[in-house]
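Peer 1: Single-letter residue listing:
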Amino acid sequence: MRVLGFLLLAAATPAAAQTALPPAELANRQLSDPRREAQARALMEEIRCLVCAGQSIADSDADMAGDMRALVRERIAAGESPGKVRDWLIARYGDAVSYDPPWSWRSAPLWIAPLIVLAFGLWLARGLFRRRR
Amino acid sequence: MIAEAGLAALWLAAALCALQLALVAIGMKEGRGDLIAAVRPVAMVQGLLAAASFLILIWLFVRSDMSVELVVANSHSAKPLMYRIAGAWGNHEGSMLMWVTVLAIAGACIAAFERQLTSAMHAATMGAQAFIGLGFYAFLLFASNPFARLSPPAPEGLGLNPLLQDPGLAFHPPTLYIGYVGLSIAFSFAVGALVTGEVGPKFARAMRPWVLIAWIFLTIGITAGSYWAYYELGWGGWWFWDPVENASLMPWLAATALLHSVSVLATRDGLRAWTLMLAVVAFSMSMVGTFLVRSGILTSVHAFAVDPTRGTFILVLLALYIGGALALYGSRVAHVRSGAPFDPVSREGALVANNLLLSVILAIVLIGTLYPLIADGLFSEQLSVGPPYFNATAGPIALLLVAIMAAGPLLRWRSDRLGALGARLRFAVIAGATMALALVILGAEAGVMPFIGLVLAAGVAVASLAPLWGRNLKRTPLFTWGMVIAHLGIAVSLAGMSANAAFTKETLAAARFGDVLEVGPFRVKFMGVRPVAGPNWSALEAELRAVRGGAPMRLLPQARFFASPPTNTNEAAIRTLWDGQLYAVMGARDDDRWQIRLWWKPFVTLIWLGGALIALGGLLSLVGRWRRERAAALRESWL
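Protein sequences, first through last, are from chains R and Z.
So for the first sequence, the UniProt record's numbering puts the first residue at 1; every next one is plus one.
So for the second sequence, the UniProt record's numbering puts the first residue at 1; every next one is plus one.
Just chain Z, with the same shape it has in the complex (with noise of 0.2 Å):
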């Protein structure tokens, strides 16, 4: 009965969707005020029959219902809960079901929360957000049921991808789709402001802290991942330009462009085409990530369905909502006036430039991520596009970027010189010279990218600083704090990677118990190797003594097997230390010796905890303009 339930939530969902988008269409074309006024409460209840809907899929999930297709398929009742309950959406209906309900509450929260737009404005907005919905309800009920029955029931499930079972990946999912689905508000404003041609600095402020939010998550989720990748695969990488990976950075460089240049449009009423085509570019890219991750055209750990069915059926709302977006993009934006002039040398200048170079790299991303399917199916000509192609395009276009974000906030909007600015860098300036002499004399064999990142790095950590130069620390605007955490995070980052690519060193060895290893300034000690056990799973762990001066480290690489379904996996054990980490791996045995993987990544850290600080960054930016709207708010009611 539950799972009946579910899935009679979900029909019910998708008549309302159904039913705001007509009474969208009726009112504002009747012009029929108490049609528009129903949409509200008819979204937020479609949101919540959604959730519901969901709950009741992670409810079967955690009784482990083994009359339930989808549970005998993923799950099985000897995993631990967290992974009975990541199970729901660890696979493709389940993640679609997930993708609707984000949508769905996405949606009710525009209709329950934003009051600054117009009410036409708004309605074209909740019209737009019911159409998108529409078509993946139908995608999800005609094609994805997640509630389907199986008869006779199971005794027991297959068990769920062990590489899926890591407390980091249980909740990677659900963040990365609420920054996806999210840019669906952004695609819904921009259609709603297409419509009736409301541009201009108040739909700005109104879609800033939408894009905000979504934006936080994806940065969240890319971050989280880009680590999960890095301990849970065991070698030591921490980004593979794979296209899963390229699908969720996708949707991040259109909304981060976005959020610079819906910026210049609140400020200054300046790039108003402009930020609506990014605002319909952002979602796009969501939408054309889950086609590549869930149509199963890329064989990859991600990719759970193998069915053209399913493929095609997104396609084709792929194809209906970017190109009907577009076209209406052709067709009214001639009516959407052009904003406010600018020089080239100015703030508007420099986040022009910012919008260019992200849209480059999108475009670079975009390429080589389905250029490899379409000289497959033009010219059945087999291609792999990976690192060394994507470093070398996007790599220094990225570096450039970087170094227009240490000038872009020391600028003036409007107008400025480039002799002021070049004054106002001095102290930029100064630390990436004494950064070059340092690795210079250190005689540091980094290559030139490295090299340069390390530098560019230690100029903009300064130069991203520069903001609050003079400033009384304690008055200055909270969302001025989050730009410059979140370009200190950018710097941070940068080294992180610059340091990891410039300074990693690495040991392979078959070793005997009680073999010595070096690797770096480390000497590490393999003691011996036992079984353990987990709650299902078995496992070989070596026990590592590592010195660098001072008391030993013990790391505990395990070689796990778990048993449904047979898997074999590598739990590295990564020791983290001020300066950087430590990374050790136990692989196969090889008569009376074990292979042992063992790294010394420098500063790797850095990475994530400037991932970190940007999100950090983008939240204090959303709670500053959040408070400052209030205020506003407050202060106009008071007149």
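Pulled out of the complex, with its shape left as it was, chain R reads as follows (with noise of 0.2 Å):
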């Protein structure tokens, strides 16, 4: 639980852990369970890192990246579901850390824009097909 308040701190205080605290224990090393780390793995990759250009807290070398990653870790360890560790990432820092945009109704052009395009698409591609005899 100290670590676990330790990271906290470190994640919290972005600017102080590039200058003070040393780099977080688990922010590259992997966890000892494959299998978590594999969930571990997949949940960072979709985590955006949020003082990188474009990048994943999975494949960053920013400091604060390594400490989101040994979080999500930590959390992953202690037996929290990935979808827990997300939305627990999400009420910290704002729905921009999710790669994944959490549903809503602002967030559904996303999804439905593709499905009108595509209905415009076969409506007009229907016109361009011989009637069958």
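Please keep in mind that the hints were generated in silico from the structure rather than gathered at the bench.
Check the hints yourself; a few may be wrong.
Derived pair list, reagent style SDA-like, types lysine to any residue, alpha-carbon separation capped at 25 Å [stated by the list, open to error]: (1) Lys505(Z) to Glu45(R); (2) Lys202(Z) to Pro477(Z); (3) Lys505(Z) to Arg35(R); (4) Lys29(Z) to Gly197(Z); (5) Lys505(Z) to Gly94(R); (6) Lys505(Z) to Gly127(R).
Using the hints, put the two chains back together into the complex; each one sits in its own frame.
Peer 2: The structure is reproduced here in structure tokens:
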């Protein structure tokens, strides 16, 4: 628990983390349980590094990404489901932290617009075909 | 004086561009053949002047002329020659000058080499090309002058982003830009066709080689860019759905659709309006990509400019050109007669499916890239759209598209039977089933999508070769070979992507000297760390010794430090074996231990090998078509 508190502090103060605190233990170390590590890895690929340009925390050299990786591994190791860890990260850092936009009416166009394009395309294509006798 | 000469050449080129537009406008309106005849030489001289201006900028960078603002901001005299040259386009102004130069040279090429079009159609095309050019000359001259002087001159330059100092990346932008801007030719052809109403097989055959050339360069550019990201960023990823990557993918998707619809138009005189639309969309996507990257609206490694006037300027150009072309399309498309009809089950039907699915993928990429900006602007909502969204939406559609690609070339034009198709696909089905069985028996823990991907790749690889079945291979036309190899490339690439997603092994560790790490089938011993120096960097280099039976392999990943500007980068050590790549990165120091990251990536190389095959297929197709056209022209001249 002390480690967790320390990690929370590290993540909450990224500026300080860059200078004063040593890198978190699990930032660059894998979990011993391969199943949990795979879960953590999959989740890290879907979490955005907030101080980087277009990178997930799974592939960023930034200190803050390392701290967030450690947070994810810590929580997964403690038995939390990836979904819960994601929700916790979203509650903490906002929707922008998740590369998989949470469903809401504001993010709905992302899924609806491709369907509209498909329907429109099918309607256009229909006119191209010859009627069967 | 040299910088001023460059600027003067640029102004002259812009003036000739305006002249070109005026000649076309007046010539076509008043039916003056003499004015139209002047368009070709004017366009060629314009191309030469723009090229001269760009060469002068490169010369300034080579000489490290520190009285030029752009050189000071983006170069350093201690840089190796190659990166001084590449520095000329590794910044906003220089890359826009390259954009305009490629545009002008493309125009000069249509002027010099395009002989198939009627004179009215050719003139209209040149007019459209000049109209696009004018806007971008204005942008360059009024908002992004690359030749601005610095007074007094600086003693030394600030340097180039070390991430960009890589041989792959030095030649990545020119390749992509030839692709992006080459699509302007298709756009201008479409505008010319809308103005004159001449849409048919002849038009399609004239346009196809230009589209092919642009598409080949785009394919090479994207493939090389992906490999660059893979080895340079040091985390083993090869595609990030980063907005800048998407900006290059969107024109490629549109150009791929265009290539296929143009073949329907050339062979069967079908899909006329649709082909024109795709030609407009393809270059529009190039311009949208340029806007996204150049306006600085996306904060990313690639965005050099954070300057709202420039963004607004490009946005206005974008609205003018895309809006104008779409308005022209809307008002004129009714005059384009619809082409020959066909059955749903036919070669045309498969190509329509190709177009439709590529368009939907394009829409997904476009929406996914732009929506965060829209959501931010409309509701001040911060959203991130990334791999989970794109993989979940575009992934299944891409797999469906690949499945249709297996069938398409085996279908007859106009009308065919599903039963006959099934018989032609039997070996492909057997190959796919064998792969599925092998994966299950070996107990491979692939996810759903990688599993489908591997099965599909096996089937499609066989199906893509099927058009050669029972043919005399020596007499098979080169463009058929082109199609076969490009489709095979898709299967190879898909196999690489799926294998990488399914079987990659990762080991992250903090290691002391002498520690042995395991990754996949390898045992990797950490031998030590030593300092090394390069031309403008110093580094710490780890020595790793990897064994998988047989002789040990040495891997030497580096952590590099660049002094100007001060930056740290990781140089991954990658060992390519027949069945994959071993990838090693050295991270930071952690007391007496060093962070070492290791990956074993089975068959990952196939991703880029596939990309290379796709480009090669395009090249064979281009040469094959060119030969056939030339043979046809010779026959005509004999008659």
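Peer 1: Go through the numbered hints given earlier and state which of them the structure violates, listing their numbers in rising order.
Peer 2: 5 and 6
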